[in-house]
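**Q** The primary structure of each chain is shown beneath.
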Amino acid sequence: MGAVVAVLTLILLAVVIAVVSRPLFTAHTPRDPSELDDSQAPARSELEVAREAKYREIRDTELDYRTGKLSTEDYDAVNGALRAEAVEILDRLDALDGEREEPDAE
Amino acid sequence: MALLGGACLVLALGVCAYGICASIYGVRAHRPEFSESGRRSVYALAGILTVAFLVLELAFLRNDFSFNTVADTSSTTTPTFYRAAAVWSSQEGSLLLWAWLLSLWSSLVLFLTRKRMREVSAYATAILLGFGGFFISLMIFYATPFATTNPAPADGVGLDPLLRHPSMMIHPPMLYSGYTLCIVPLAFGMGALLARKVDAEWIRATRRFAFAAWLFLGVGIMLGARWSYSELGWGGYWGWDAVENASLMPWLTGTAFLHSLMIQEKRGMLKVWNVSLVLATGTLAIMGTFLVRSGVLSSIHAFGGATLGVPFVVLIGVLVIGSIYLVSSRREMLRSEHRLDSLLSRESVFLANNLVLVGLCFVIFWGTYFPLISEALTGHESSVGPPWFDRYTVPLALVLVLLSGIGPVIAWRKATFANARRNFMAPVLAALITLTVLLLAGVSAGKPFAIAMFCCAAFVLGSVGQEYWRGVRVRRAIAGEPVPTALVALVKRNRRRYGGYIVHIGIAVLFVGVAASSSFQHVSELSLSPGQSTKVGAYGVRYVRPIATITSQSDKAHTGATMSLGAVLDVSKAGKHVATLSPSEGFYDSGDPSEGSVSHLIGGQAVSHVSMNSGVTRDVWSAIAPDISTPRLQRIMTIANRTIPYIRPDEGMIALAVLEREYLKAPPPAQFKLIVSPLVLWIWIGGGIVLGGSLIALWPAPSAVRRRVSVRARSRAARDLARA
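Line by line, the protein sequences give chains X and D. Counting along the first sequence from 1, when you hit position 36 you're at 36 in this note's numbering, and nothing is skipped either side. Counting along the second sequence from 1, when you hit position 317 you're at 1317 in this note's numbering, and nothing is skipped either side.
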């Protein structure tokens, strides 16, 4: 029984070492486009988060308006401001991306 | 196999130590391969702890009493169903469950964020592995699940009879999943502070985990309440017990966080508040585990020993001091990007909701830890009871329910009084109609808080109902869909919003059940002999005849009790039969020979098996405490103890059969607790609605999963929209 346990433990140890150490022995090749320019990645992902949040805010504001929680006057003001903010975020993303187009663009 | 389990723990600790070093080195030295290696350490940890957990689970299922844990918390007479769950009834097994669940959730979140937030993830990895290492260290140095005894005892002590309840199969894993999931946002929050990247991305990455933590904690709390109601024999579902409170506190701060994070996502506000809430929730989760496992406060739910107090106190101290340091040293970058546009806005309602939730948490924290605080200050331990908690929590709960109805009808950013007046019309009308109906129905005005809660709940139903109705109307106007299709489409397109509204309904329904059952219940505690009757509220209860069973095979409750004694009760209302109840009390083997060769068979903890008739409008609940201390029955036991040797439990069972026959022939008066509580069922229904709403809100929107449009295409579309 002791020998079986020792063998099982050694197998477990070998698997753990193989799993954990693999990145140390394989050259780091960026696969994700965002990895190509790592210095830009944090800024881009931050802007993408802001963009998604802004889109959601625009949708929520529209739903608020349509369900009678906002007057037309307030809706126009808030919606205009939100869209301007969205465009600003998109411009900043454009500036980061340059001319690069994503291959899976719809 | 214990050796393999022990080796797994040592290996796991080594992996944690390596992973922490690799992650921190990777992020500090800009060597992503080391960070990646650290992340993989978490996967390896999950694998190792899975093996360790399987080893222990198999030991329980195979009745391997060479494992001390198995011998202490299981036995051959413990039913298989409960043997499988006995793993987490022990101190050691529950620590292993904690570490295992943490490793699984950590692996999941790190896998999902593997291509994002590299710096934050690396720090989060180190913190998660730090927690894993802490619990593994406890198992290695304080309470090892793989300690063995040679030779192994022939049988074990058996599972604590109180834990032999179906909900105990899933209550601890749910609660521990909640606690461990609370650690994920904490780790990422700390990671974001350490990496000085405190934008909304870490919140987006861990939002679902925070929600899942809240959901699991909620389910765990509900299951615990159900267990308390149907197993503990006192007839309540919530007793402001220290351990109950310990699970409620992170749930409250988690609820606050789930609301306030929306403000940060949308407006870039409340960054200090949000990160503080996340850190507080994680710390409270650790404190919850500490309370259950340290034995520092007395609780009917605390199953741990006193050995783990010091390590937990050190961990909590490090967490509190570390959190305060990190938040205060990063306060400049946590400054809000915007200010509140209007006091009449959903942001304001969320802020108010946050203050109430944190206030509730503070009250509960003070009441829970008051024994420790008073002992530290005065040298005498004093505690506060349910009336103290009720005095502060009931008004706060009322405000909370009211706010959950106000939030949905107020717009983000800015609402006008004219719109608000129109939107509040239907909810206020619903509350007023409820008040009128209650007063006309003669509901006692001496219960103002209960009546206020019913009205607040009606307000919530009115406001959420109105929101659904208006949303469906909008969908129908846009797409011309029939009502059911429009309703489904509305919820599918806005899962968080409408799922959240369902949660609000569930909370309102739950509080209606709590208010009704606690304010209008009838309780009777008395002694009855067969043939005698009593009145409980509008119900008559007659003790028809005694019942008794011996041996685990015929134990009606299937809990492994050696002997069960109970009663058949006839419940009637206005002369009409309503239900037949059969409460009983189970007597278990104490395993203590000093009690006598036969007496020990029934000398363990006596556990009440509650019997109730549950309905939409009320529950009739009953528990019995039979008396076996009469001279006649005691004489049988004395003779049996004197004549039957300890090594002949089969003969002992025969003696118990004689005892059973004598009890049935001339039953002594039994003590009964009878309760008629209105609307208890709605507490569980409310919990179910909360669960359903949470799952809708938690479910990923298809658009978020699949929709990938180029940035430039979106940019053009947005500009077109802006010009339109």
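These aren't lab readings, by the way, just hints derived from the structure by calculation. Please note: incorrect hints may appear among the correct ones.
Facing chain D, according to a computed beta carbon distance under 8 Å, are these residues of chain X, among others [stated by the list, open to error]: (1) G2; (2) V5; (3) V7; (4) L12; (5) L13; (6) V16; (7) V19; (8) V20; (9) P23; (10) T61; (11) K69; (12) L70; (13) T72; (14) D76; (15) V78.
Facing chain D, according to a computed beta carbon distance under 7 Å, are these residues of chain X, among others [claimed, not checked]: (16) I11; (17) A53; (18) D64; (19) S71; (20) D74; (21) E85; (22) R92.
In silico SDA-like cross-links for lysine to any residue, where the CA-CA straight-line distance does not exceed 25 Å [stated by the list, open to error]: (23) D:K1492 to X:R51; (24) D:K1197 to X:D94; (25) D:K1115 to X:R66; (26) D:K1197 to X:E85; (27) D:K1115 to X:E48; (28) D:K1115 to X:G68; (29) D:K1197 to X:R51; (30) D:K1197 to D:F1081; (31) D:K1492 to X:E62; (32) D:K1115 to X:L10; (33) D:K1492 to X:D94; (34) D:K1197 to X:A95; (35) D:K1197 to X:S45; (36) D:K1492 to X:A95; (37) D:K1492 to X:R66; (38) D:K1492 to X:V19; (39) D:K1576 to D:T1630; (40) D:K1492 to X:Y65.
All figures in this text were calculated on a predicted structure; none of them were measured in a lab. Using N, Cα and C, we set each Cβ at its ideal position, and we do this for glycine too.
**Q** Would you mind marking each hint as holding or not holding in the structure?
**A** Hint by hint, here is what the structure shows:
1. G2: 7 Å, holds
2. V5: Holds: closest Cβ of chain D sits about 5 Å from V5 (chain X), inside 8 Å.
3. V7: 10 Å, violated
4. L12: 7 Å, holds
5. L13: Since chain D brings a Cβ to about 6 Å from L13 (chain X), closer than 8 Å, the hint holds.
6. V16: 5 Å, holds
7. V19: 5 Å, holds
8. V20: 5 Å, holds
9. P23: 4 Å, holds
10. T61: 6 Å, holds
11. K69: Hint on K69 (chain X): holds, closest Cβ of chain D at ~4 Å, below 8 Å.
12. L70: 5 Å, holds
13. T72: 10 Å, violated
14. D76: Nearest chain D Cβ about 12 Å off; hint violated.
15. V78: Hint holds; V78 (chain X) Cβ to chain D Cβ min 5 Å, cut 8 Å.
16. I11: 10 Å, violated
17. A53: Holds: closest Cβ of chain D sits about 5 Å from A53 (chain X), inside 7 Å.
18. D64: 4 Å, holds
19. S71: Holds - the Cβ of S71 (chain X) comes within 7 Å of chain D, reaching about 5 Å at its closest.
20. D74: 6 Å, holds
21. E85: 10 Å, violated
22. R92: 10 Å, violated
23. D:K1492 to X:R51: At roughly 21 Å apart (the allowed maximum being 25 Å), R51 (chain X) and K1492 (chain D) satisfy the hint.
24. D:K1197 to X:D94: Cα-Cα ~22 Å, so holds.
25. D:K1115 to X:R66: 38 Å, violated
26. D:K1197 to X:E85: It holds: about 21 Å lies between the C-alpha atoms, which stays within 25 Å.
27. D:K1115 to X:E48: 14 Å, holds
28. D:K1115 to X:G68: 41 Å, violated
29. D:K1197 to X:R51: Measuring from Cα to Cα gives roughly 17 Å; hence the hint holds.
30. D:K1197 to D:F1081: Roughly 48 Å between the alpha carbons, so the hint for K1197 (chain D) and F1081 (chain D) is violated.
31. D:K1492 to X:E62: 16 Å, holds
32. D:K1115 to X:L10: Since the Cα atoms of K1115 (chain D) and L10 (chain X) sit roughly 32 Å apart, the hinted pair is violated (cutoff 25 Å).
33. D:K1492 to X:D94: 31 Å, violated
34. D:K1197 to X:A95: Given that 25 Å is the threshold and the Cα spacing comes to 21 Å, the pair holds.
35. D:K1197 to X:S45: 11 Å, holds
36. D:K1492 to X:A95: 34 Å, violated
37. D:K1492 to X:R66: Status holds; Cα separation ~17 Å.
38. D:K1492 to X:V19: Outside the cut-off at roughly 40 Å; violated.
39. D:K1576 to D:T1630: Roughly 35 Å between the alpha carbons, so the hint for K1576 (chain D) and T1630 (chain D) is violated.
40. D:K1492 to X:Y65: 19 Å, holds
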